[in-house]
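A.B. asks: These are the residues of each chain, in order.
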Amino acid sequence: MSQSVLSQNDSIKNNLDEIIITATKTKRILSSIPLNASIIKKEEIERTSATRLTDVINEELGLMTVSDFGGGEGIQIQGLDSEYTLVLIDNQPLIGRSAGTLDLNRISVGNIKQIEIVRGASSSLYGNEALAGVINIITEEPANGFNADISSSYETHNTIDNNFSLGYKSQKFTSSLFVNTFSSDGYDLDETDELNTVNEFKNITTQLKLGYDLNDNLTISINSRYYNQIIDNIASITLSGKTNITENNINLKMNHKTKKFNTDLEIYFNSFYGDEFLDDQNGIRFSESFYDQTLIKPEIKSIYEISDKNNIIVGIGNRHESLDRTYFDIKPKQNSPFIYFQYDYRPLEKINLLFGGRYDKFDEYKSQISPKFSGIFELDDNNLVKFSTGYGFKAPDFRQLYFNFSNSTIGYSVIGYNVVNDVMSQLIDEGQIVNIVVPLEEFDNSLSPESSFSVNIGFETSFLKNFKFSGNFFNNSTRNLIDYRVIANKTNGQNVFSYYNINEVSTYGVEIETKYKPNNNFKISLGYQLLYAYDLDARKAFDNGEVFARLTPVSPAFRLKKSDYFGLYNRSRHMAIFKINYNNLENKFNSSLRLRYRSKYGLYDSNSNNYLDKYDEFVNGYFTANVSLNKLINQSISLSAGIENIFNYFDRQNISNLSGRIYFLRAKYNLK
Amino acid sequence: MKTIKFFTISFILLFTFSCEDDNNIGIDTISITVEDLHAPLEGGQGSPVGASGPFTKFNFENGIQTDSETNWDIAFRGTSIIVNGGESMGTEGEPERNGDGAAYIFEGTMNEMEIVEISLLTEDSQNSYAIPTGSGNGWYTYSGPPNHIISPTPGKILVFRTHDNKYAKVEILSYYLGAPENPDAFTDQSRYYTFNYVYQPNEGATTFD
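From first to last, the protein sequence lines stand for chains A and B.
The opening residue of the first sequence carries number 116 in the numbering used here; numbering runs sequentially from there.
The opening residue of the second sequence carries number 1406 in the numbering used here; numbering runs sequentially from there.
To be clear, the hints were calculated from the coordinates, so they are not data collected in a lab.
We treat Cβ as the ideally placed atom computed from N, Cα and C, and that holds for glycine.
It is possible that part of the hints are untrue.
As the list claims (entries may be wrong) - Covered by chain B, according to a simulated footprint, are these stretches of chain A (three or more residues, beta-carbon under 8 Å):
| # | segment |
| --- | --- |
| 1 | 327-341 |
| 2 | 656-663 |
| 3 | 672-685 |
Just chain B, same shape as in the assembly:
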C-alpha cells in the first residue's frame, strides 16, 4: 500500500492491492478517501429546481476534480449529486450528460457492498436524479431546527457506473469543511464533501474484491 497526498487539491489517494481474486484480472481496485471536495451552490438549497451555478465534477479513475466536459463520472452541487449519464434536468449550470453514468443506493456497509446489481442502476432524467434529492431520500438527513445539520445517513452506499462503463462505490462521511466530529451548521462551512470510495478499473468487472 502506498499513499500519495495532494494537499493542493485536498484529497488523499490510497491504492490498495488485493490480488487474490481471480475475478479481477488485471488492475487492482483502488480505495481512496477524498477530503473537502468543495461543491458550491447558488440559489435553492436542497432541491435541483431553482438551484444554479456550476457543478463540481469528479473523475473516479484519476481520483480528482475535473473541468472536462466529457471525462467526468459524478458531479456535486450543494447536496445534489448527478451522474454523467441520462438527461439533464436543465437547471442553470447543469452539465450535459454524454457518458454511460448511472447510480443506485445500496443499503448496508461499505464492505457488504460486494457485487453491483446492474438492474438497479438508473440514469439521471429530466424529472429526477439517479441519487434522489431531499432529506431522507438520498444520501443525507437534514436535522431541521434547531441544529440544521446535514448528516450523511449511515448505511447508504452510493453505487455508480462511470461515464466509461466501470463501477465505483461511495460512502459519504461529511458535508462540512475539515469533517468535524460535531459539525455546527452556523460556524462550520458546508458543501465540503469528505467520502470514501472504491473504484473497479477493470472493464466489465462488477465486484470490488
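If we strip away everything but chain A, and leave its shape as in the complex, we get:
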C-alpha cells in the first residue's frame, strides 16, 4: 500500500513511525488523523509479555474485556457492548459470534506488528458491526533476507505459549510463516462445586503470507490463517465432553499502483466451525450442537490522489454470508452488496477534513446508509483539536432472525424474528400455546439493524517538550437495540421468547490521558475514563416513579428517585490506568509496571425490580497491577519474567476472567 501524499505532508512531531491504516483505509500518521484512534505497538506488547489479545486490550484506556455466559471475552468500548466492535485481522473481519461475542482469546499476539483502535461509529468505511469502533490487528511483515525467531513462555496454571516465525524477503518476493500454540490447565475459583471456572484447553494458530511483485506497479499476495481450539466442556459431575473451534481464512489480493491511483482487488474467504458435545458417565451422548458460518467478501477499492490537497477513496464489494447450525430449521444465506467513498481534504496546511459514506444493501431488513464527517485543526505545533461524527450499525444476526430453540430441561422456547409465524403456527397446532402475548402480525415488519450515532470531540496539547495531555469527550446515541421478550405463554408454564427492537441507549463520557517523559529512561502515563451509560426507557421509568425497591428483601417497598438509577449492567463509572516504563539501554534492560482500576459495577438486578439501582448488589471496584522485566542477554537471546495481578485480586462469584496472581517466564531466540 502506498504512502498517501497527505501523510507525507503531515506535520512531524514525535511519532513519525506511528502509521495507522484502519482510520481512513489509507496510511496516515496517527497524530494527524481527525479521529479518536490509538495504536499499540509491538514493542509495547513485547515489553508486557502479553500472549493473547485480551491481555493487551485490558491495559488500554477506555477498553476492557468482559466475559459472556459462554466464557468468551469480548471488548467494551466507550460503554458499548462487545457485540458492537468490529474486529479485523490484517484489515479483514473475523466471524464466529456464536453467542454475540467474538472471543478475543482466539487471537495470539505473537506475530503482531501493531494493534489499531478506532473509537466511535465507523460504518462509513466498514459497514456492519463497526458501531462502537474498530480493532484492527496488523501482523508483521518480514525484514529483508532470512529472519526467524522462536519464543516460549511458561505461566501459572501450566499455561504455555510457544511462537515460531520464519520470514524471507527479497526484492520481489516476501513470505512469512507463523505458528503459535497456546495451552493451559485452566483454573477454578470456586472449589466448592465440581465445575472449573476455566477448563483445560489448547489451541494452535498458523499464518502464512506470500507476496510477489509482478512488476513495478503490480503486486499479488496471499494471506491465510488457521486457528483450532479444543476445550474441555464440563457441565456437571456426570456430563462432560469437548468444545472444538476451527477457523480458516484466506485473503487473495492484487494491488495496482500508479502515480495517481492505488487499487486493491481482494477476495476474502472466512469459515468458522464450532461444535460441542456432552456425554454422560456411561459414554452415552447427552447433547451435541454445531455452528458453521462462512463469509465470502470480494472488494475493490481505489485511492485517487487528486492533488496534494485532497484524495478520494471509492470501494465496492459484496458480503456473502451463510450459517448452518443446530436449532435452525433453514440454512440462511445472505448477500449484502456495498459501496463506499471517502473524501480527504486539506484546505489549509493545518486543517484536514474527512467526509464519507457507505451504503449497505440488505434484503431481510432495512438497508443502511452510514455517513461520516470529521476534522482536525492544528492550532500550532503543540496544540490541536479534532472532532468526528459518524454512524454505525449492526445488522440483526442469523440467530436473531432464524433461531428455533426449545430448552429440553426447563421447556422455554426462543424463536428468531423471521420465523415467528412459522414456528408459532406449528406450536399452536401442537397445542403447546395457551396464550399469545404479542400479536403475530407485529412480526410482519422487518427487524431493524441496531444503530448508533457517535460524536467525539478531542484535543491534544504538549508543553515542556516532554509532557503531553489529551482529552476527548464522547457521546454514543444508540437506537433500535435488539432485546428479547415474551411473545406467548406455553401450556407447560414456560414462555416463548423472540427478539424485538426496543431500547435506546446513551453512553457518554470523557477520556483523559497524560504522558510524561522525565528523561530517556522513564516514560509515565496516566489515563482516566469517566462513563455514563443509560437505557433511556429505564431512565424514563425512574423519572415517572414507576420503579420500586426494598431496603431488605422482606421489608415493604418504596418508590425510587431518578437519581437512584445506576445505569447499564457491567459498566463502571470510573476507570484508570497508570503505566511506568523504565528503559536502560546501557544494560539492555527494561521493565514496565501497569496499574489498572475499575470502579464498582452491577452485573444483575438483585432486588427484583428489573433495573440496576443503587440498592442493588454491586461488584466491588478493584485494582490490578502487572509487572514485567526484560533483559537482552546477547544479540539473539532475551529473557522476561513478571507477575500479573500482583495484588492477587479475585472475585469468585463475579469476575471469572481474573484468576488471581500469575507468574511467568519467557525466553526468546532471534535468528537473523
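Assemble chain B onto chain A, guided by the hints.
C.D. replies: The following block gives chain B in isolation, referenced to the frame of chain A:
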C-alpha cells in the same frame, strides 16, 4: 393497637385503629402480617396448567387459613394466587368459585394504594387468573439460573375484592419459610408466603384510611 399471636397457625394479627376518617363509618381497617402461609403444589411449577393439589385458602376478615368451600377470599398454590370469583381453570384440585372475588395489581407502595379502582377488578376465568401467572407478569420475579430465586416484585400491590364484596390490599414479602433476608433456593423451603395486608371490613367502603 393490640397484637395477638397464633403460633400454631403461624401468623400475626395487628389490629390498627384509625378513627379519624369519616368515610369509614363503623369498624376500623385491619392491618395484618401473615407469616409462612404454606402453599404446597404438586405438578407443574410456575403455571396453572399441569399443576395439581389443593389450594391453600385464606379469609381476610378472620385473617386465617380456612378449609371452607365458600367462606374464602383468595387461595395459593405454589406461585399461583386465585380469587373466589369468576370461573375455575379446571385444574386438578382447584376449588369452585362461588363468591364475588376479583383482583388487580396496583403499581406503587402500600401506603399509596388508597382507593380501589372498581373498573380495574377482574375475576378468574377459564383461561387465566385475575393475578397473572409467570415471572414478571404478576407478583413475583424469577431470577433464573444460577440462583433460581423467586422474589416478590417491589411496587406490586395486590388489590382484592373478597368473596363477600369487601376490599383488601396485599403486599407479598417473601416466598420462603422464615422470610430469610437472602433466601437460597437450594436450602430454604419455598412456597411459604409472608405478606402484609390491610382489610376494609365496611360494606361498600373502597378506601383504606
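A.B. asks: Please count how many residues of the segment 327-341 of chain A have a CB within 8 Å of a CB from chain B and say whether that reaches 3.
C.D. replies: violated (count 0)
A.B. asks: Taking a Cβ-Cβ distance under 8 Å as contact, does the segment 672-685 of chain A have three or more residues in contact with chain B?
C.D. replies: With 3 residues close enough to chain B, the hint holds.
A.B. asks: At a Cβ distance under 8 Å, does chain B reach at least three residues of the segment 656-663 of chain A?
C.D. replies: holds (count 3)
Checked against the numbered hints given earlier, the structure breaks only hint 1 and satisfies all the rest.
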